[in-house]
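Peer 1: Given next are the chains, with one letter for each unit.
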Amino acid sequence: MGVSDGRLASDARLAGAGSQVEGPARALLMAALVAAGGALPLVLSDYWLDVAIFWGIYALLGLSLNLIVGEVGLFNMGHTAFFAIGAYGTVLLNQAWGLSLWLLMPLSGLLAAAAGYGLSRPIIHLRGDYLLVATIGLNEILRVTLVNNPWGLTGGPNGLILLDQFTVLGRRLDDPAAFYYLVWGVVGLVVWALLRLQHSRIGRAWNCVREDEVAAEAMGIDVRQAKLLAFVLGAGLAGAAGTLYAAKMVVVSPESFTFMEAVILFAIVVLGGLGSIPGVLVGSAAMMVLPEVLRDFAQYRMLFFGAAMALMMVFRPQGLWPSRRWSRQLTGEREP
Amino acid sequence: MALFLEQLLNGLTVGSVYAVVALGYTMVYGVLRLINFAHGELFMLGAYLGFTLLVATGLGGALPLGLALLLLLLVVMGAVALLGLVIERVAYRPLRRANRLTAVVSALGVSIFLQNGAMLLWGPRYRAYPAWALPEVRWTVAGLHLSLMQVVILAVALVLMVGLYLLIQKTMLGTAIRATAIDHDTARLMGINVDRIIQFIFFIGPALGAAAGVLLGLYYRQVHFTMGWIYGLKAFTAAILGGIGNIPGAMIGGLLLGILEMLGAGYLSAAWKDAFVFMILILLLILRPTGLLGERVAEKV
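Protein chains in written order, with our numbering: chain A, 1 to 336; chain B, 1 to 301.
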């Protein structure tokens, strides 16, 4: 699959043919969705608003992991490490210098991106499952470090408390409705940026690497550089999501960043459909909202959840909302 | 020196259990290229079933102890192996032609299901293996403390590993398994029933995992529904350490992991031992990207 002009043209045609709604109808549908999302705080209870907030935060995390697992096909099952670095970085920098959270969000993103660069550089050449276990290892090392409280920095198993909050004109955004708008505003921005990225030269190069590294190399793509870029961007985005998480949770502790959490992020990406941005939104809804819906089953909740995870994969192996490029490959259709 | 030998022995004991669990991961991976994340849960179920059978039957009263334990192991292995077959049929077989990550997430779902199933059946608290399961016998050989428990674990693990090795290397069935691991389609052309081989793998792997679960239950005396995650992760790490898909690799990886962990706990600190193990793993992967015995897979162009 080359990144030629012919490919670009046919892809655009296919994208048009593939979607049921086009042009003005599509814009109208989007507007209706945004309006419905905006009106949600008026109808939802605080409890469900909280669920929607966590959905938004996990959608951000899923989008960040999608860059790595979905777009480039790197198996990263330790993504919570970068999320944790962002959350802890937020609290520590806020405690040390009293920086505002608006500034800390990009700053912890940068911090996590730098960590992503440093940590992934030596292991980026590992293939498939070897990379998977190395990332699990990184996550575990970080978690053990957080628990063991080096130099009294991380607060040990109890974690740290974030005293500050996002403020607009002196008003703290800690009521659920305001925070909901904040989180979903960020999600909207990120989705827009990632859609642009997906259609850019970089996005195409990533998918090319995912499908065939040797062919990508032959096309003149610097494979190692492409992989590192995905890792750094994904880590940075997860770090920025860490700030939102810290502001929402107030307490940041190691138990929020376990292997199980990394598994949930991984499942969000695969469940939604690899490399699919709407898929991540649907997948994170399934992973975050489903357990709440199942709350009626009390102690059987997680039992059903596990079974649902397996069954969803069995009945929709391509994901709930597969990316078009990916679905063509799965059904054995020839790439255009 | 005494501490070193002591920790070495402890490491060998725990490591041999890891090795037996790692065999299950590596065999499934070898044939299906699937990381069976539910394998740790099958190990946990083995530990629980062993516990229940021990308590319910009050084993050891009627039969000689050795025979009773052997019987217990066989029953638990059989039960968990059947469950392994069911899981393969329900959660993995429909996904054989799908993307590899799809089956991984399905496996994670099964894992959550089994974990919570165990919690509902046996409760969220730690359950303790009865103390009378194995008499507390200790010998001191050249200043080294050796317990009957350690001897039993090492012996059972050794028998299982040697048995599996002979099965894979010396029998027709083993040859068929190795052929399937190399190429499904070619194996099929040679008259091998690939579905049968995969079922067999999902019978043997869980049986080994279950046996390891009973051994670990006897050793640490306590079982918990989350133990599958932790030991599963370690055994999987061991399989990767040795080079996944490689059976002797899993054995060596398991033993090495156990020894490293115990030396780390003895000389550094118990709190950091898990981080220590993973640091070694990552360093090793940087130097040898396909594990100790992993083969360099030629790139298909």
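No lab work stands behind these hints, which were simulated from the structure alone. C-beta: ideal position from N, C-alpha, C; glycine also. Careful: at least some of the hints might be erroneous.
FRET-style restraints, in silico, Cβ to Cβ [as the list claims (entries may be wrong)]:
#1 G37/A <-> R89/B: 54 to 64 Å
#2 Q222/B <-> N149/A: 21 to 31 Å
#3 G185/A <-> I230/B: 55 to 65 Å
#4 N149/A <-> A2/B: 28 to 38 Å
Short derived list, chain A residues pointing at chain B, Cβ under 8 Å [stated by the list, open to error]:
#5 G137
#6 T145
#7 Y181
#8 V251
#9 E255
#10 P278
#11 V282
Counterexamples of contact, computed for chain A against chain B with all Cβ distances above 10 Å [stated by the list, open to error]:
#12 L33
#13 D46
#14 N148
#15 I202
#16 Q225
#17 A307
Peer 1: So, for every hint listed, does it hold in this structure?
Peer 2: Cross-check of the supplied hints:
1. Taking 54 to 64 Å as the suggested C-beta distance range, the pair G37/A and R89/B does not conform, at roughly 42 Å.
2. Taking the beta carbon of each, Q222/B and N149/A are about 27 Å apart, inside 21 to 31 Å as hinted.
3. Distance hint check: the CB atoms of G185/A and I230/B are about 39 Å apart, inconsistent with the given range 55 to 65 Å.
4. Between N149/A and A2/B the beta carbons are some 32 Å apart, a value that agrees with the proposed interval 28 to 38 Å.
5. Contact between G137/A and chain B, as hinted, is supported at the beta carbon level, the nearest pair being about 4 Å apart and thus within 8 Å.
6. The criterion of a C-beta within 8 Å of any C-beta in chain B is met by T145/A, whose closest approach is roughly 7 Å, and the hint holds.
7. Against a cut-off of 8 Å between C-beta atoms, the interface hint on Y181/A is violated, since the closest Cβ of chain B lies about 32 Å away.
8. The restraint placing V251/A at the interface with chain B is violated, with a minimum CB-CB distance near 22 Å, outside the 8 Å limit.
9. Interface hint at E255/A: violated, since its Cβ lies 13 Å from the closest Cβ of chain B, which is beyond the 8 Å cut-off.
10. For P278/A, the suggested interface contact is broken, since its CB lies about 18 Å from the closest CB of chain B, more than 8 Å.
11. Using the Cβ-Cβ criterion of 8 Å, the hint placing V282/A at the interface with chain B is not satisfied: the shortest such distance is roughly 14 Å.
12. Every CB of chain B is more than 10 Å from the CB of L33/A (nearest about 27 Å), matching its label as outside the interface.
13. For D46/A, the requirement that its beta carbon stay farther than 10 Å from each beta carbon of chain B is met, with the minimum near 28 Å.
14. Once the 10 Å rule is applied to beta carbons, N148/A is inconsistent with being away from chain B; the minimum gap is 5 Å.
15. Listed as outside the interface, I202/A is consistent with that label: its C-beta sits roughly 22 Å from the nearest C-beta of chain B, beyond the 10 Å cut-off.
16. Annotated as non-interface, Q225/A keeps its C-beta farther than 10 Å from every C-beta of chain B; the closest such distance is 19 Å.
17. Not every C-beta of chain B lies more than 10 Å from that of A307/A, the closest at about 5 Å, which undercuts listing it as non-interface.
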